[in-house]
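A.B. asks: Sequence:
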Amino acid sequence: MELLRVEGLNVCYGLSKVLHDVALTVGRGELVSLVGRNGVGKSTTMRGIMGLTPPRAGSILWKGEQILRRSPHRNARAGIGYVPEDRRIFSSLTVWENLDVARLPPRPGQIPWDEDRVFEFFPDLLPFKQREGGLLSGGQQQMLTIGRTLMGNPELLLLDEPSEGVAPIIVAGIEKKIRELKEAGLSIILAEQNLDFVLALSDRCYVLEKGSIVFAGTAQELRANREVQDRYLYI
1 MELLRVEGLN
11 VCYGLSKVLH
21 DVALTVGRGE
31 LVSLVGRNGV
41 GKSTTMRGIM
51 GLTPPRAGSI
61 LWKGEQILRR
71 SPHRNARAGI
81 GYVPEDRRIF
91 SSLTVWENLD
101 VARLPPRPGQ
111 IPWDEDRVFE
121 FFPDLLPFKQ
131 REGGLLSGGQ
141 QQMLTIGRTL
151 MGNPELLLLD
161 EPSEGVAPII
171 VAGIEKKIRE
181 LKEAGLSIIL
191 AEQNLDFVLA
201 LSDRCYVLEK
211 GSIVFAGTAQ
221 ELRANREVQD
231 RYLYI
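Numbering (full-length UniProt numbering) for the sequence shown: 1 to 235.
Worth flagging that the hints you see were computed from the coordinates, not collected in a lab. Be careful, since some hints might not be right.
[As the list claims (entries may be wrong)] Here are the simulated BS3-like cross-link-like pairs (lysine-lysine), alpha carbons at most 27 Å apart as the crow flies:
id : residue 1 : residue 2
1  : 63        : 182
2  : 210       : 129
3  : 17        : 210
4  : 129       : 177
5  : 176       : 129
6  : 177       : 63
Generate coordinates for the entire structure from the input sequences, incorporating the hints supplied.
C.D. replies: See the structure below:
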């Protein structure tokens, strides 16, 4: 079943057009990646879907309903969760409080996320539940950001550069947790420039260059396409 369909998405910053007719789909339980170097439009695509950067034109269908330019809080309540690249935790609130403020009711049939379930999923956070978010390490903050988004009981998780600025040993742990979420049935859009990370997790991939989709295919097809990798993904 198709959860999300994006067609002809155009986004401008001022007079500069930064997304050009971006199109993608995400099915239920599928992990789809947006891949590309820095500054090619991955985060802008995620923000456009979430409603944080209103698109100039295009279509975004969520379960068949048009949500183009709908507010982020309405999209969150509809089941779309967003994990931003810069984490945006509340630095003066404790880990527990960061989780609590993000709580939304579950949808029918969902196993609800609460603080106990988040700490079971990320046990490394449990000893720090009363520590202020600003005092956590980068890896701990990334776990907290993902956990906070899960408290909204999403059906689709938008993960923006989860490996950015995180120690390699923590990246391996985050990869494992993302795989567990997918295996539990959560649909995921992953924006990443770490190709190995992407290929290890993805069902399908879209490669972005200068705000346009230049490749769409399975992870296996991208792995085998050295021309696309060399031209658009390696520095």
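A.B. asks: Work down the list of hints and note, for each, if the structure agrees.
C.D. replies: Now for the hints, and whether the structure bears them out:
1. 63 to 182: Distance of about 19 Å is within 27 Å: holds.
2. 210 to 129: With Cα atoms ~41 Å apart, residue 210 and residue 129 exceed 27 Å; violated.
3. 17 to 210: holds, 10 Å
4. 129 to 177: With Cα atoms ~19 Å apart, residue 129 and residue 177 stay inside 27 Å; holds.
5. 176 to 129: holds, 22 Å
6. 177 to 63: holds, 26 Å
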